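Peer 1: Spelled out from the first residue to the last, the chains are:
2 protein chains.
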Amino acid sequence: MDKRLDKRIERFMNWMKREQIDLALVTSPTNIYYLTGFYSNPHERFMGLFLSLTGDLLLIVPELDQKQAIEKSNLTHVFGFSDAEGPDGIIRKHIQVSHNTRLGIEQGNINYKTVLWLQRLLQIENFLNLESGFNELRLIKDETEIKSLQEAAYFADRAVEIGIQSLQSGKSELEIIAEIEYQLKKQGIERMSFDTMVLTGKKSALPHGKPGKDKIQEGDFVLFDLGVVVNGYCSDISRTVIMGNPSEEQRKIYTIVRQAQQLAIETVKPNIPIKQVDLTAREYISKAGYGEYFIHRTGHGLGLDIHESPSIHEKNEEIIKQGMVFTIEPGIYLPQIGGVRIEDDVVVTDNGVHVLTTFTKELLQIGK
Amino acid sequence: MDKRLDKRIERFMNWMKREQIDLALVTSPTNIYYLTGFYSNPHERFMGLFLSLTGDLLLIVPELDQKQAIEKSNLTHVFGFSDAEGPDGIIRKHIQVSHNTRLGIEQGNINYKTVLWLQRLLQIENFLNLESGFNELRLIKDETEIKSLQEAAYFADRAVEIGIQSLQSGKSELEIIAEIEYQLKKQGIERMSFDTMVLTGKKSALPHGKPGKDKIQEGDFVLFDLGVVVNGYCSDISRTVIMGNPSEEQRKIYTIVRQAQQLAIETVKPNIPIKQVDLTAREYISKAGYGEYFIHRTGHGLGLDIHESPSIHEKNEEIIKQGMVFTIEPGIYLPQIGGVRIEDDVVVTDNGVHVLTTFTKELLQIGK
Chain A
5 MDKRLDKRIE
15 RFMNWMKREQ
25 IDLALVTSPT
35 NIYYLTGFYS
45 NPHERFMGLF
55 LSLTGDLLLI
65 VPELDQKQAI
75 EKSNLTHVFG
85 FSDAEGPDGI
95 IRKHIQVSHN
105 TRLGIEQGNI
115 NYKTVLWLQR
125 LLQIENFLNL
135 ESGFNELRLI
145 KDETEIKSLQ
155 EAAYFADRAV
165 EIGIQSLQSG
175 KSELEIIAEI
185 EYQLKKQGIE
195 RMSFDTMVLT
205 GKKSALPHGK
215 PGKDKIQEGD
225 FVLFDLGVVV
235 NGYCSDISRT
245 VIMGNPSEEQ
255 RKIYTIVRQA
265 QQLAIETVKP
275 NIPIKQVDLT
285 AREYISKAGY
295 GEYFIHRTGH
305 GLGLDIHESP
315 SIHEKNEEII
325 KQGMVFTIEP
335 GIYLPQIGGV
345 RIEDDVVVTD
355 NGVHVLTTFT
365 KELLQIGK
Chain B
5 MDKRLDKRIE
15 RFMNWMKREQ
25 IDLALVTSPT
35 NIYYLTGFYS
45 NPHERFMGLF
55 LSLTGDLLLI
65 VPELDQKQAI
75 EKSNLTHVFG
85 FSDAEGPDGI
95 IRKHIQVSHN
105 TRLGIEQGNI
115 NYKTVLWLQR
125 LLQIENFLNL
135 ESGFNELRLI
145 KDETEIKSLQ
155 EAAYFADRAV
165 EIGIQSLQSG
175 KSELEIIAEI
185 EYQLKKQGIE
195 RMSFDTMVLT
205 GKKSALPHGK
215 PGKDKIQEGD
225 FVLFDLGVVV
235 NGYCSDISRT
245 VIMGNPSEEQ
255 RKIYTIVRQA
265 QQLAIETVKP
275 NIPIKQVDLT
285 AREYISKAGY
295 GEYFIHRTGH
305 GLGLDIHESP
315 SIHEKNEEII
325 KQGMVFTIEP
335 GIYLPQIGGV
345 RIEDDVVVTD
355 NGVHVLTTFT
365 KELLQIGK
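In order, the protein sequences belong to chains A and B.
Letter by letter, the first sequence follows residues 5 to 372 in my numbering.
Letter by letter, the second sequence follows residues 5 to 372 in my numbering.
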């Protein structure tokens, strides 16, 4: 078995001991991947990894994933269940618990119906939470992880480049997305971290806008927000460009966002509270008079999940540590004019920050 | 407000009355869309629609979705919350409950952490389940829904066509996927129902295999499984083709799967148990000697979600009704040779079935 995985399991079991958790049931695909090397999204089917303090690991998967689970995980105990039977029988047979067993689950990654089912099946009332254990483990990235994140960031840079090269008045948002994803898949990228976003004109003012057939027009902001997955690790980049010449206000808000983002990046270093990163960007934008148009947190942790710890918001007192990886992405969104967001992925170093995404942040005027 | 939506809300409230549910909290994006016309995936953020029996509807969304929520939903009460504040304040201010309030949630669509948070916030211990209400409502599709499903199926047919046209020995699975999605996005398709699957050679024997850089070779099965979303509604199609000439066993299992699938389709009509559809395919494949290689249910319901009610498995005693929409997708998976799956989307009519996906099921020999 992979030594990195052994180490992770050992560290997780040490955490379990400290928390006096006897048995852990891990159900989130990324945490299962983190501990076993096997990744699958079982959708509405059950998938679970049981870890006991005695060192037994037992992976239960839908029958149709069993072969891959055995191959990828290298675990001795991998059980598959059919759709008609479900996992109940396997769990009853192999999992010994008593009413006193302190069982941990991922409270935020398991639905309530599954919890009710487990309560009946195992006759346990209360479930402890494993999430802080996984957050702790996954919060600091090791060198191999950072290498994957760096590679994912490299392809995010390329993706923006492809998108910008294919920009043209009259083309639709979806056409640009088609071009980006086509080129990336041709280069061997298996999947994007989330639905690629290209928003134009007033739609760029919607941080969660949905790309569509809207045509790009002269004078529009075009906002890219996208990422790719490499070895399971996600990147996330945003860039905003202008079709032709910017208006005075467009140039103004672009310059403010760019400066706010730069200041936030420069704030990052170990041993300061995370909120300081958010507050740096927020205060700069507020002083410039656009505070009410910056309507989301400054960033989020990045790793196997596109959104993970830490959350870069103005109330997060957590302390920044070397090896954390997160996004820095302030924005200003003016309903009548459009929005600007600039986003990079950063790794905390021993005395500052290394920026993984490197695509230019100059205001590019397309077609000029 | 849209009359179809009014009608749905009325029917849902009638269901709530029958079940003596005073207040419903809907959190699944597709159910919120079904009732309001507003769709968003808030990822780890909270999004909830409160419906009370007094007829009050209150939608709570992350601040960055508020504008779109107001526009799309036409609801009077739409509240946004910032990342730093969270939704607690809004809920405390606007939602009146007592310890006796019978509150319904979607047990399978809400995570345990959110339930624990609601228990603290609202001081309610037990939550009833809304899911059977939504299943009941959404199980039977109306004409407008079937029109969207038909259109989604049309593009699924086109997608397979594009994929097959671009097949060539030496190309990778990902290259074929790139081609398919590029052409579809160019035609205005916003998103696929799930990650497009093109699997070649032995990998076609993995029902949940992950496409990669594997090169297509002469003599390989190539299995397509994909779908597109139109107006929120999903299609789902599988076809399997052969590169060059099939071996005897490849031709044999293809013929068995095709016949099993055809027989299962012909079984469908109102007023018989759903399990009969599964058993028809299963028994045919078993009698042909390949029962142990058909390792999943025969199909699943299809609609706003790619997997919804009904589940087409051998123990489902539910009765088939006109207007149900589901997939029929038996398969045989031989680890050393590869897999065959053939999948169509069907609508139950008054006396049988209408097949939405129409791409040929002849065994296509590519390059011959």
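Among the hints, a few may not be true.
Derived lysine-lysine pairs resembling DSS-like cross-links, with alpha carbons at most 25 angstroms apart [said to hold, decoys possible]:
#1 B:319 with A:97
#2 B:71 with A:71
#3 B:319 with A:256
#4 A:217 with B:71
#5 A:217 with B:214
#6 A:219 with B:219
#7 B:117 with A:190
#8 A:71 with B:217
#9 B:206 with A:76
#10 A:190 with B:76
#11 A:214 with B:219
#12 A:190 with B:71
It is worth saying that the hints were derived from the structure and are not from the lab.
Note that the structure is a prediction, hence the values are computed from the model and not measured.
Peer 1: Holds or violated: are the alpha carbons of residue 217 of chain A and residue 71 of chain B at most 25 angstroms from each other?
Peer 2: 20 angstroms, holds
Peer 1: Do the alpha carbons of residue 71 of chain A and residue 217 of chain B lie within 25 angstroms of each other, as the hint requires?
Peer 2: Judged against 25 angstroms, a Cα distance of about 20 angstroms means the pair holds.
Peer 1: Below or equal to 25 angstroms on CA atoms is what counts here, so check residue 206 of chain B against residue 76 of chain A.
Peer 2: 16 angstroms, holds
Peer 1: Does residue 214 of chain A pair with residue 219 of chain B here, judged by a C-alpha cut-off of 25 angstroms?
Peer 2: 34 angstroms, violated
Peer 1: Has the given pair, residue 219 of chain A with residue 219 of chain B, been kept, meaning a C-alpha gap of at most 25 angstroms?
Peer 2: Violated. Residue 219 of chain A to residue 219 of chain B sits at ~37 angstroms, over the 25 angstroms cutoff.
Peer 1: If you draw a straight line from the CA of residue 319 of chain B to the CA of residue 97 of chain A, is it 25 angstroms or shorter?
Peer 2: Status holds; Cα separation ~22 angstroms.
Peer 1: Below or equal to 25 angstroms on CA atoms is what counts here, so check residue 71 of chain B against residue 71 of chain A.
Peer 2: Not satisfied, since the Cα-Cα distance of roughly 47 angstroms exceeds 25 angstroms.
Peer 1: So if I understand the rule, the pair passes when the alpha-carbon distance is 25 angstroms or less; does residue 117 of chain B with residue 190 of chain A pass?
Peer 2: 40 angstroms, violated
Peer 1: Holds or violated: residue 217 of chain A and residue 214 of chain B, Cα atoms, limit 25 angstroms.
Peer 2: 30 angstroms, violated
Peer 1: With a cut-off of 25 angstroms on the C-alpha distance, tell me whether residue 190 of chain A and residue 71 of chain B pass.
Peer 2: 37 angstroms, violated
Peer 1: Is residue 319 of chain B within 25 angstroms of residue 256 of chain A, Cα to Cα?
Peer 2: 64 angstroms, violated
Peer 1: Tell me if the straight-line CA distance from residue 190 of chain A to residue 76 of chain B falls inside 25 angstroms.
Peer 2: Since the Cα atoms of residue 190 of chain A and residue 76 of chain B sit roughly 36 angstroms apart, the hinted pair is violated (cutoff 25 angstroms).
Of the numbered hints stated above, those contradicted by the structure are hints 2, 3, 5, 6, 7, 10, 11, 12, listed in ascending order.
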